[in-house]
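Please model the entire structure based on the sequences and the hints provided.
The chain contents come next:
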Amino acid sequence: MSVIVVLIGASLLVATGFLIAYLWAVKNGQYDDKYTPSVRILFEEEKKTEIRNKKSEIRNEKT
Amino acid sequence: MEQLETLERKTDTKLYCFHCGDETPDETIYIEDKIFCCNGCKTVYEILNNSNLCNYYSIDQNPGITRKHHIKRNYDFLNDTDLKLKLIDFTNGKRTQLTFDIPQMHCSSCIWILENLYKLNAGIISSKVNFLQKKVFISFQDEKTSLKEVVELLDSIGYDPQLNLDNRKEEKIKSGYKNLYYKIGIAGFCFGNIMLLSFPEYLSIDVSGHDELKRIFAYLNILLSLPVFFYSSSYYFISAWKGLKKKFVNIDVPLALGIAVLFLRSIIDIIFMHGAGYLDSLSGLVFFLLIGKLFQNKTYETLNFERNYKSYFPIAVTIQKGKNETTIPVEKLKIGDRLIIRNNELIPADSILIKGNANIDYGFVTGESMPISRVNGEMIYAGGKQIGSAIEVETIKEVSQSYLTQLWNNKAFRKDQEREQESRIVSFANTVSKYFTITILALAVIAALIWHNNSTLAFNAFTAVLIIACPCALALSTPFALGNTLRIFGKNKFYLKNTFIIEKLAAVNTIVFDKTGTITENNSSSVEFIGEELNDDEKTFIKSVVRNSAHPLSAAIFNFIDSKIIKNIDLYDEQPGKGVHAIINGNEIKLGSKIFVTKGLKQFYDDYSTKVFLSINEVTKGYFNITNKYRNGLNETISELEHNYELALLSGDNEGEKEKLRIFFGTDNELHFRQSPQDKLDFILRLQESGKKVLMIGDGLNDAGALKQSDVGISVSDNTNNFSPACDGIMDSKSFYRLKDFIKFSNSSMKIIFSSFILSLVYNIIGLWFAFQGTLSPLIAAILMPVSSISAVVFTTVLTNILAKRRGLI
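Top to bottom, those sequences are chains A and B.
With the working numbering applied, the first sequence corresponds to residues 1 to 63, in that order.
With the working numbering applied, the second sequence corresponds to residues 1001 to 1810, in that order.
Just so you know, these hints were derived from the structure itself, not from any lab.
Ideal Cβ placement from N, Cα and C applies to all residues, glycine included.
Any given hint could turn out to be false.
[Stated by the list, open to error] Straight line, CA to CA, 30 Å or less: simulated BS3-like cross-link-like pairs of lysine-lysine: (1) Lys34(A) - Lys1734(B); (2) Lys1751(B) - Lys1491(B); (3) Lys27(A) - Lys1178(B); (4) Lys1119(B) - Lys34(A).
[Stated by the list, open to error] The following residues of chain B were derived to be distant from chain A, with all beta-carbon distances above 10 Å: (5) Leu1085; (6) Thr1145; (7) Met1195; (8) Glu1533; (9) Glu1659; (10) Leu1761; (11) Asn1801.
[What the hints assert, rightly or not] Derived contacts from chain B toward chain A, CB cut-off under 8 Å, selection only: (12) Ser1108; (13) Ile1111; (14) Trp1112; (15) Tyr1181; (16) Tyr1182; (17) Gly1185; (18) Phe1189; (19) Leu1213; (20) Ile1216.
See below:
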């Protein structure tokens, strides 16, 4: 039966990990703005292609 | 050439500006295949195009902000060091951070362009948008750019920031929010784990051979309940203590009592091995209560309910010193200073006109949009806006002592009084809790007395009564019913500051209306032409002439006449405060005041409506009669409310429309005209002194005092984002006709809370039956408390939704 104690300890540890993750997210302001990031994520694509374009430009210059 | 042809083909359908999406009358302003409504829009397009930022137009359709009404502002005052320090958040001499309010933000494109500012100005390091709060956080390098340049850049692309010194208190509210999130997270974590550890207890699993396991579980539970008791539930103890100190039993008193007893009883039970304790019920209760709190705390982040005149007034003014013009912060303005007021600038203090053609728009103050002309030596009140060329004025009063602004010296605006009121919110839950607390204490004593010969049982019964009678259902039904009502109102464009306002709204018995801008529409007026009938040519001439004028009366006439437009006008001369003189196709057209058009003598106005006279080739044809248009559904709203409420009307205007208004308001209700802002406040005060609960509905800054003094002050606004004085609620003018539904629905919400209270009493009686016998097992408590809480939540939420649907609010 004493294995239960170990299991309880492990489960509490995992749960505490999630609690800390949540508290950390709140502290970092993830709940301050619940809308803008949902829009911002759609812009990212463009920046990446831009960087890719620049990289390929550099590569082209080298060759 | 091909493009021009496509343009022409498009002309049979409607044309829309590529930048802002407004309808454009013609295609004279264009770049390649893109049409613009005005040169302003075109310029913005050019700026973005030059920096390869045209992606702006592909994220959302026509995302721009129209530049038709844009006036170029002079931002030189931003070089003032004192002012600069007040506007920015942080600087170390090299890098500066600041936050701007940008109310124009409205779509994904706006976010995109504002986060790509660094492409337009190399000095900007980064910019980040919070869309819901309509804020942008910018950091820039001081070497490469300046505050002034950043503001000018934003202005040039249509996002001119709101510059005021009155928005530095929001940080506090935000950290309060975070605390609630922390508390909920911790309470939820502990609640879940305590339930897990209580499972053997729930399932009556036989662990007789493993007593030490049972003890480990129990002590783990105590460990987990400590943060719930000492951290998550701290608010309830603090609030209960604050209330008791003021001899006021609020709803948090019985709650705090219940939580404390639950905790102590559980600890004692566990230590003396009487049982497993009620720690699961305790953490569950706190968790649900905090969720309720979160639900109730719904706020409209974009709206500001606390604005005073400082938010509207300019932060700097141009004064004339000798021959030099300098810019000084408005606070440093003294009596006798000479001010230069340019087109579309606000007059910050009561002044006398020295030089120039004053044409003052008091729309800001009264809601009346027709400019008034003033001649030299006449008085101009603070809050007016100059339309037209620059004028010179001399201040005769300080900013805070002016006709309009002295209102804010009234005690209704004092902070301490506000706090006093807030700590004693008379809500249903708080009223009930006084009797409730006394009753359960009495019952607990009785229960203890019944078992007086068995001290253990007596203690058990005493604490069980306090535990089971904890008014969690009542404490939950209020936030959920009112929080839901707040959301339903929000969907109908009626935004309240917080849920307490709903209770106050339900208690109202007198409704006071402002006239201009509240029950009349701001930007549309009804026009009729009185005189000889006009033929089609004449109509075309008039429409073509008024098209060129920015005066609101011209706009009204332009919309009124249905005709074609001729573009070539041979002569056009607009004289501020008088009228327009134009020659078109050889015909001389004069539009304007009676003296200007008919060259008659200045005669005393016997009529209060606004008239625009017309003459063609020196022959007076008649006049356009322009009157205010009443809001949609005003008649129904008034006649419905009349039955149950006392109504009154306060107007800053003259008695011109008294007879018309009598038709709406009937003969029993008071109508008052020529009311100053102070008069309005005093009128509300008189009503309140005679024991009335007053709802004030207004709009302009001149209603600010009345809105503040009244029990509930609601401001009506065409654009909820930018124009509302301090108030309890903001109503979109399109929802005005629903006013009666809103008031009735808040009454229904209160009834729902009441019935949910009855429901929770039933649960309490069941629980008390166990409690009196001293047989309240942790299992029964663990079932009864969540069931009563959840059913209260479900009951109120479902019922408010059903009732809202029946009233057509959702």
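Each hint, compared with the structure:
no. : hint                    : result
1   : Lys34(A) - Lys1734(B)   : 28 Å, holds
2   : Lys1751(B) - Lys1491(B) : 21 Å, holds
3   : Lys27(A) - Lys1178(B)   : 7 Å, holds
4   : Lys1119(B) - Lys34(A)   : 26 Å, holds
5   : Leu1085                 : 25 Å, holds
6   : Thr1145                 : 22 Å, holds
7   : Met1195                 : 12 Å, holds
8   : Glu1533                 : 55 Å, holds
9   : Glu1659                 : 50 Å, holds
10  : Leu1761                 : 36 Å, holds
11  : Asn1801                 : 23 Å, holds
12  : Ser1108                 : 5 Å, holds
13  : Ile1111                 : 5 Å, holds
14  : Trp1112                 : 6 Å, holds
15  : Tyr1181                 : 5 Å, holds
16  : Tyr1182                 : 6 Å, holds
17  : Gly1185                 : 5 Å, holds
18  : Phe1189                 : 5 Å, holds
19  : Leu1213                 : 6 Å, holds
20  : Ile1216                 : 6 Å, holds
When each numbered hint is compared with the structure, no violation occurs for any of them.
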